[in-house]
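Residue numbers (the working numbering), protein chains in the order written: chain V, 7 to 116; chain R, 4 to 119.
Simulated from the structure, these hints should not be mistaken for lab results.
The beta-carbon is built from N, C-alpha and C at its ideal position, and this holds for glycine as well.
A hint or two may mislead.
[To be verified] Here are the simulated PhoX-like cross-link-like pairs (lysine-lysine), alpha carbons at most 20 Å apart as the crow flies: (1) R:Lys68 to R:Lys21; (2) R:Lys72 to R:Lys60; (3) V:Lys9 to R:Lys60; (4) V:Lys9 to V:Lys58; (5) R:Lys74 to R:Lys60; (6) V:Lys103 to R:Lys60; (7) R:Lys68 to R:Lys20; (8) V:Lys75 to V:Lys9; (9) V:Lys103 to V:Lys9; (10) V:Lys75 to V:Lys58; (11) V:Lys103 to R:Lys68; (12) V:Lys103 to R:Lys74.
[As the list claims (entries may be wrong)] Coverage of chain R stretches by chain V, computed from C-beta distances (three or more under 8 Å per stretch; other residues unrestricted): (13) 41-52; (14) 106-118.
[Stated by the list, open to error] Computed list of chain R residues with no C-beta within reach of chain V, every gap over 12 Å: (15) Leu14; (16) Thr16; (17) Thr18; (18) Lys20; (19) Leu22; (20) Thr23; (21) Ser27; (22) Asn29; (23) Glu65; (24) Ser70; (25) Glu73; (26) Arg75; (27) Pro78; (28) Ile80; (29) Glu82; (30) Ser85.
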Amino acid sequence: LAKTTQPISMDSYEGQEVNITCSHNNIATNDYITWYQQFPSQGPRFIIQGYKTKVTNEVASLFIPADRKSSTLSLPRVSLSDTAVYYCLVESSNTGKLIFGQGTTLQVKP
Amino acid sequence: EAQVTQNPRYLITVTGKKLTVTCSQNMNHEYMSWYRQDPGLGLRQIYYSMNVEVTDKGDVPEGYKVSRKEKRNFPLILESPSPNQTSLYFCASSLFSGSWSSYEQYFGPGTRLTVT
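The task is simple: from the sequences and hints, build the whole structure.
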């Protein structure tokens with residue numbers, strides 16, 4: 007199962023675009039890339055998931071290059087409420103074993 | 004309302020006293036999983052279940068047991084808790100078709116366990 011590597015922390019200001027990159031060098035053909043957001047003392051919440059190229063939903067975009075060895079979560083125009091821990095994980099479509107990693111703590115400043 | 008519920012939300016116990024943390028989901032999900040979260044270590048998977056009567060070890064299964072007798076319930080059992088099992092525990096569920104696809108997980112609110 008592919009291990010992921012993310013920056014431990016990032017700072018940003020309100021209104022800026024934030025890009026968080028995740029490395030997953032050993033990703034397998036059947037694996038999906040998923041990002042979760044977690045606020046203190048709450049369970050993680052699904053943000054976005056993709057397999058290749060670009061995926062966009064109402065809250066974020068996910069960019070995955072052709073080799074799929076990394077991915078970038080893009081949060082447009084962040085606000086203070088986006089301050090949270092963001093987890094990248096690689097999910098196999100045919101096993102239930104998941105590895106979350108340490109996550110990236112994003113601090114949004116006014 | 005679609006949700007994952009955990010009970011209890013907070014528990015303080017003593018070493019060696021068996022305990023069970025319940026997890027229930029009302030979304031008819033096949034897949035359920037337990038995680039523990041510790042400072043600096045992120046979320047680590049304890050056990051997971053792909054369907055009724057099917058369970059498997061995650062990354063940190065030692066000291067824990069699970070069972071999946073019904074689709075909606077996935078209790079976590081600590082037969083003889085120790086202080087190193089003091090942690091924040093999350094249960095999660097998702098659809099799972101077993102084919103070429105992956106699904107988002109829905110997490111419960113967490114159970115904060117302290118073992119003294």
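Evaluated hints:
1. R:Lys68 to R:Lys21: holds (11 Å)
2. R:Lys72 to R:Lys60: holds (17 Å)
3. V:Lys9 to R:Lys60: Holds, at about 17 Å.
4. V:Lys9 to V:Lys58: Holds - the C-alpha atoms of V:Lys58 and V:Lys9 are around 18 Å apart, at most 20 Å.
5. R:Lys74 to R:Lys60: holds (18 Å)
6. V:Lys103 to R:Lys60: holds (8 Å)
7. R:Lys68 to R:Lys20: holds (14 Å)
8. V:Lys75 to V:Lys9: holds (11 Å)
9. V:Lys103 to V:Lys9: holds (12 Å)
10. V:Lys75 to V:Lys58: Roughly 10 Å separates the two Cα atoms, so the pair holds.
11. V:Lys103 to R:Lys68: This hinted pair holds, its Cα atoms lying about 16 Å apart.
12. V:Lys103 to R:Lys74: holds (19 Å)
13. 41-52: Per the Cβ count (8), the hint holds.
14. 106-118: holds (count 7)
15. Leu14: holds (15 Å)
16. Thr16: Label holds. Min Cβ-Cβ 20 Å, cutoff 12 Å.
17. Thr18: holds (25 Å)
18. Lys20: At about 25 Å from chain V, R:Lys20 clears the 12 Å cut-off, so the statement holds.
19. Leu22: Holds: least Cβ distance 20 Å, greater than 12 Å.
20. Thr23: holds (19 Å)
21. Ser27: Given a closest Cβ separation of 14 Å, the condition holds.
22. Asn29: holds (16 Å)
23. Glu65: It holds; R:Glu65 is separated from chain V by about 16 Å at its closest Cβ, greater than 12 Å.
24. Ser70: holds (16 Å)
25. Glu73: At about 18 Å from chain V, R:Glu73 clears the 12 Å cut-off, so the statement holds.
26. Arg75: holds (17 Å)
27. Pro78: The claim stands: R:Pro78 keeps its Cβ more than 12 Å from every Cβ of chain V (closest is about 17 Å).
28. Ile80: holds (19 Å)
29. Glu82: Its Cβ never comes within 12 Å of chain V, the nearest being 23 Å, so this holds.
30. Ser85: holds (23 Å)
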